[in-house]
Structures are given as structure tokens and as C-alpha cells.
Amino acid sequence: MIPGIHLTPIGDDSVLLEPGDGLDPTDPNAYLVPLLAFLQKKRARFLIYDLKNVALIDRVYYEWMTAMNSLCLISGIRMVVANIRPYAAFALSQLISDDPPFACALDVDSARQAISRLAGSDTGTGTGP
Amino acid sequence: MTTPAPARRTTNQILIDLLMLNVGKISTIIEQQGHSIFGQANLLSKEEINDYSLEFLELVVMLLQSATHMDRRSAEFNALRKFFTTFSQQIQARGSNLDEFVRYIQFLQRVFLDNLEADATVDFAQSREILLLLASIFNDIILDVFHVYLEEKERTIQAQQEELRQTSTPITEIWDGVLTLPIIGTLDSTRTMMVMEHLLSRIEAERARVVVIDVTGVMAIDSQVSHHLIQMIRAVGLMGADAVLTGIRPEIARSLTSLNIDLGMVTTRATLSEGLKEAFRRLRVEVRQGNG
Numbered sequence: 001m002i003p004g005i006h007l008t009p010i011g012d013d014s015v016l017l018e019p020g021d022g023l024d025p026t027d028p029n030a031y032l033v034p035l036l037a038f039l040q041k042k043r044a045r046f047l048i049y050d051l052k053n054v055a056l057i058d059r060v061y062y063e064w065m066t067a068m069n070s071l072c073l074i075s076g077i078r079m080v081v082a083n084i085r086p087y088a089a090f091a092l093s094q095l096i097s098d099d100p101p102f103a104c105a106l107d108v109d110s111a112r113q114a115i116s117r118l119a120g121s122d123t124g125t126g127t128g129p
Numbered sequence: 001m002t003t004p005a006p007a008r009r010t011t012n013q014i015l016i017d018l019l020m021l022n023v024g025k026i027s028t029i030i031e032q033q034g035h036s037i038f039g040q041a042n043l044l045s046k047e048e049i050n051d052y053s054l055e056f057l058e059l060v061v062m063l064l065q066s067a068t069h070m071d072r073r074s075a076e077f078n079a080l081r082k083f084f085t086t087f088s089q090q091i092q093a094r095g096s097n098l099d100e101f102v103r104y105i106q107f108l109q110r111v112f113l114d115n116l117e118a119d120a121t122v123d124f125a126q127s128r129e130i131l132l133l134l135a136s137i138f139n140d141i142i143l144d145v146f147h148v149y150l151e152e153k154e155r156t157i158q159a160q161q162e163e164l165r166q167t168s169t170p171i172t173e174i175w176d177g178v179l180t181l182p183i184i185g186t187l188d189s190t191r192t193m194m195v196m197e198h199l200l201s202r203i204e205a206e207r208a209r210v211v212v213i214d215v216t217g218v219m220a221i222d223s224q225v226s227h228h229l230i231q232m233i234r235a236v237g238l239m240g241a242d243a244v245l246t247g248i249r250p251e252i253a254r255s256l257t258s259l260n261i262d263l264g265m266v267t268t269r270a271t272l273s274e275g276l277k278e279a280f281r282r283l284r285v286e287v288r289q290g291n292g
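Those protein sequence lines, which keep their order, are chains A and B. Going by this note's numbering, the first sequence opens with residue 1, and the numbers climb by one from there. Going by this note's numbering, the second sequence opens with residue 1, and the numbers climb by one from there.
Looking at chain A on its own, in the form it has when it is part of the complex:
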């Protein structure tokens, strides 16, 4: 149990991370080690970071996300960010000068589909009428 973070194994070697109100992104060291310990314990290969309840991503929050992504990469875990709200995407696009180092998905389902493709077991079919 990590205060401020809700972690749920959702199958396909994936863990869903939902940040809560208690998360303090100014202190990444308080979270990174226990988070990685949890992911390794669950043998996770993918981490889906759900930003559904995050209204705004500022520089501090973005740095926290990139720090987490770096930690995941070192451990062979791919991080996919899902559900960035339109306003947060807008604000973040003004803030950063390069593409983010992590993958982005429209929602958790899309993230899982992306993970399936990444894992080489894509089950998605073409869409459209």
C-alpha cells in the first residue's frame, strides 16, 4: 500500500496506477522505490498511469511522471499514460519542447490494446464501418 497511489493488477502483466489526492509529486523518492517493489513483486511488464482525475499537469508533475518512466525503463517495464484530460494536454503541450518519453493512450482500454500490440499479442481488429 503506497499512500496517495492506488495500484491494481489488471492482467496481461499490467498494473493500473491511479493517483489519489494524497500524492505529492514534489517528493518522488517517497514513492519510486515502493512502487517499483510492487511492480516487480507482481511481475509487471506494463504500467498504465491513469490521469483521469488529474486536472492539470504542471512541470513538477511532469517531472514526477518522467522520473517514474525512467525507473520503469530501467526495470524493463513500459509505462503508458492514459486519460489525459484535454485541458491538461493543452497545458502540457505548451510546457514541453519534446515529445514525452512515455506512450500515451486515449483511455485505459486503448492503453491495454497498445500494450497487447507491444507485447506482440495484438488482439485488436480494424475499426470503422
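Simulated from the structure, these hints should not be mistaken for laboratory data. Some hints could be false.
Taking beta-carbon pairs under 10 angstroms as the criterion, some of the chain B residues facing chain A (in silico) [what the hints assert, rightly or not]:
id : residue
1  : Met193
2  : Glu197
3  : Ile230
4  : Ile233
5  : Met239
6  : Ala241
7  : Arg249
8  : Ile252
9  : Arg254
10 : Leu256
11 : Glu278
Glycine included, each C-beta is placed from N, C-alpha and C at the ideal position.
Guided by the hints, dock chain B onto chain A, whose structure is given.
The following block gives chain B in isolation, referenced to the frame of chain A:
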């Protein structure tokens, strides 16, 4: 034996007496002028003009009777102002212009003065006071009417701006999960923000996976515009959708290279149709020509 001099009438009392004695005449003049201005232009019906004329005279009498000196905060004065506000809103909605209505208000003021001239008992000082009183009342009313017109104009401008906003960002869902955004004209900071806000909301609402941004209608591009385009494409990516940029004219491509702008991380296609093909490819949609 001398008879006592009659008590000097107040300004309000003189005007009340004037109205009481000449109500029929004044009412007729006002109605005639109302027909001349609003009736001929079909802005008001005959009944409406007559009703407005009578209501106006009633409100003026009530105002004059309410106190010896005019109080701008009194309920009677507010009622008169409200009457003109409603009146002007109604005729503005029917296509009248401000000039006509202001001329009408000035005419109402003149009617009182014209009839005052016939009253020999009113001395110069009283005439001056009446003139000041009427000017004070009608100036406030004209100001109110100006405000009503300005507010209405403001509303019209806002509505037109909103319409322009909608038409300047014609985002269309051309296929399930595929949005197209043709950009025409110049992309400045304000427009970029507007387009981005609209586009990102549509991505979320339509669950779009690919956005084709077509710049065929962009005639010139500078470093700021390209910066805005890159920001827009990045924001689309952050939402989890793919952006495809299409329709870059040769002269614009030349400008971009001259400005050392790197679009290496952006998927580009020559035309909108090529962009759509790319979108379909990403969605694994195949479009085939039917047999027969």
C-alpha cells in the same frame, strides 16, 4: 384692499398642470409622431403606439407627483426608465436603429416645451427650471437607451464571434475514430488556443484515434505558426491520438526548411486523401473498390 398673490407653483406642479390641461393634444401629437417614426416602418402597430404613448404620459405624471424635486432613485423614475428600456429593446428587435429612437425621445421632450410656451403664467426662471428638469430626465433616458443598444450590439458581436469560432474550426469526424481539421488562413496564438481547445475536446468526445490536420489553406507560415502547429500535434499525441499533417505546399515546405524547423517527428502526407489513407492504415481499415 389687495388680493394675496397666488402661491408660486413648483416646477413639477407646472408640468402636471400642463399635462392635465393639454393631455388630449399632447397625446395626439405624440401618437402622430410615433406613427410617423415607427408606424411607417412597420416597427409598431397603431395600438402599440397608442398604448406606449398613454403609458409614457401616465409614468411622467406619476414621476412629477411623487415628490417636489426629482429623485433619480425613486421607484417612479425607475419605472419610467424601465419603460424606455423595454420600449427600445422591442423596437430594436424589430429592426429599428438608435437614431430614430433618440429622435423620438427628443421629440417627447420638445412637446412639453412647445406646450409650455402657451402658458403665460410661467416666468423665465420657471421656464429655465423646467428646461433643466426635462433635460435631466430625458438625458438619463437617452443614456439608458444607449446602454441597451450597446449591450445588444455586444451580444450580436459575441454571437458572431462564436459563429466565426465554429466555422473557423470545422472539425469533422470523417470515419469512426478519424477527425479532420482543415486549417484555412493564419494560425496565431489566439486561434491556435481556440482550435486546440476545440480539437482536444472532440478527441475526447469522439474517442478519436487519428487526427488529420490539413494545411492546404494556409498560405504562409512562419516560425511562430509552425511552433503552434507542433504544439497542436504534440497535444493530440498526449491525448493518445495520432496526428497526420497534410497539404504542406512546396513554398511552405521551403519556408520551414529555411527556418530550420524540424517536422521529423510529425507524420506528414502530401494531400488530405493521402492523410486519410494513412489514418485508415493505422486503424487497419481497408477501403476496396466494389465489384460492379
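The hints, checked one at a time:
Here the hint on B/Met193 is kept, as its CB sits about 8 angstroms from the closest CB of chain A, short of 10 angstroms. Interface hint status for B/Glu197: upheld, as the beta-carbon distance to the closest one in chain A is roughly 6 angstroms, under 10 angstroms. Taken as an interface hint, B/Ile230 checks out: its beta carbon lies about 9 angstroms from the nearest beta carbon of chain A, inside 10 angstroms. Taking 10 angstroms as the C-beta contact cut-off toward chain A, the hint placing B/Ile233 at the interface holds, the least distance being around 9 angstroms.
Contact between B/Met239 and chain A, as hinted, is supported at the beta carbon level, the nearest pair being about 5 angstroms apart and thus within 10 angstroms. Satisfaction of the interface hint for B/Ala241 is found here, the shortest Cβ-Cβ separation to chain A being roughly 6 angstroms, below the 10 angstroms cut-off. With its C-beta approaching chain A no nearer than about 25 angstroms, B/Arg249 sits outside the 10 angstroms limit, and its interface hint is violated. Given hint, B/Ile252 at the interface with chain A, is violated; its Cβ is 22 angstroms from that chain's nearest Cβ, farther than 10 angstroms.
Hint status for B/Arg254 relative to chain A: violated, with the closest Cβ pair at about 24 angstroms, above 10 angstroms. Nearest Cβ of chain A to the Cβ of B/Leu256: about 17 angstroms, over the 10 angstroms cut. The hint is violated. Interface hint at B/Glu278: violated, since its Cβ lies 14 angstroms from the closest Cβ of chain A, which is beyond the 10 angstroms cut-off.
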